[in-house]
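Q: When you get a sec, could you build the whole thing from the sequences and use the hints?
If you read the sequence shown in this note's numbering, its first letter stands for residue 1, the second for the next number, and so on.
Hints in this document: simulated from the structure, not taken from any laboratory.
Every residue gets a Cβ at the ideal spot worked out from N, C-alpha and C, and that includes glycine.
Warning: the hint list may mix true and false statements.
[To be verified] Simulated restraints on C-beta separations:
no., residue 1, residue 2, range
1, 212, 86, 21 to 31 angstroms
2, 71, 245, 40 to 50 angstroms
3, 75, 53, 34 to 44 angstroms
4, 74, 190, 37 to 47 angstroms
5, 66, 180, 29 to 39 angstroms
6, 3, 86, 30 to 40 angstroms
7, 259, 62, 43 to 53 angstroms
8, 243, 149, 29 to 39 angstroms
9, 182, 66, 48 to 58 angstroms
10, 183, 260, 22 to 32 angstroms
11, 208, 62, 41 to 51 angstroms
12, 182, 86, 23 to 33 angstroms
13, 150, 208, 39 to 49 angstroms
14, 200, 240, 27 to 37 angstroms
[Said to hold, decoys possible] Below 30 angstroms or equal to it, Euclidean Cα-Cα: the simulated DSSO-like pairs (lysine-lysine) are:
no., residue 1, residue 2
15, 182, 240
16, 240, 93
17, 186, 239
18, 182, 243
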Amino acid sequence: MEANLILAFSLTLMAGLATGIGSILAFFASTTNTRFLSFSLGFSAGVMIYVSMIEIFFKAQDALINAMGEIQGHWLTVAGFFGGMILIAFIDKVIPKQGNPHEVKKVEEMNKKPEDKSLLQMGTFTALAIAIHNFPEGIATFTSALQDPALGVAIAVAIAIHNIPEGIAVSVPVYYATGSKKKAFKLSFLSGLSEPIGAAVAFLILMPYLNDLMFGIIFAAVAGIMVFISLDGLLPAAKKYDKTHLPIYGVMSGMAIMALSLLLFI
1 MEANLILAFS LTLMAGLATG IGSILAFFAS TTNTRFLSFS LGFSAGVMIY VSMIEIFFKA
61 QDALINAMGE IQGHWLTVAG FFGGMILIAF IDKVIPKQGN PHEVKKVEEM NKKPEDKSLL
121 QMGTFTALAI AIHNFPEGIA TFTSALQDPA LGVAIAVAIA IHNIPEGIAV SVPVYYATGS
181 KKKAFKLSFL SGLSEPIGAA VAFLILMPYL NDLMFGIIFA AVAGIMVFIS LDGLLPAAKK
241 YDKTHLPIYG VMSGMAIMAL SLLLFI
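A: In structure tokens, the structure reads:
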């Protein structure tokens with residue numbers, strides 16, 4: 001159990017701090033590899049959609065049926081799934097529009113002369129939006145890894161991939177506004193810390209009550225959250241980076257890799 005806890009926290013920390021990787025890439029790359037980012041975001045969406053609909057949803061359903069019986073278990077699973085979607089949609093709704101964490105930014109913009117101080121507000125809002133988004137993602141990664149380490153690794157990798165361009169989205173406007181790479185990296189790095197904070201909250205508040213009922217509701221909500229993020233954030237961003245069929249090839253690849261990994265762990 002202790003080994004699983006350490007792994008779960010480690011995976012969550014890794015996924016969250018990938019925003020810092022995005023910031024570093026923005027500093028050292030001269031141009032954005034848009035095709036790679038597009039494929040990667042599609043890949044991440046494919047992993048998250050497949051694992052949510054094929055694995056997490058049915059794990060939640062089994063737990064809730066075991067706790068509440070056949071009929072109530074099915075109803076609670078569906079309610080938890082759409083409840084997760086509603087939660088993340090509400091979070092999106094209350095975040096200021098200029099703080100959209102999936103706004104596409106390119107590293108080429110780092111080369112512009114810093115002059116627009118109003119962009120500092122945009123970068124700050126974006127960092128706040130990412131921090132809010134990462135909080136439930138941290139709970140998702142932590143609880144998944146705690147229940148099934150292999151599943152936790154897959155989710156952590158998918159979330160880490162989609163956090164990289166979010167790190168760029170924070171760094172570009174902050175650097176453009178201040179001219180300070182240090183400030184841009186710091187804000188980007190801090191925005192990812194809400195993910196391990198989400199894991200800590202899950203551990204301190206949810207763990208004492210983690211029976212079949214609680215686990216099933218959380219897992220169903222996690223599935224809804226990840227599907228919403230994939231459809232509302234990752235895929236539109238992937239299409240902005242590349243207008244061809246590359247994003248859907250990424251989705252197919254992500255689903256195939258996820259399917260294969262799940263088969264290997266049967």
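Q: Does the structure break any of the earlier hints, and which numbers would those be?
A: Structure breaks hints 3, 5, 7, 10, 11, 12, 13 and 18.
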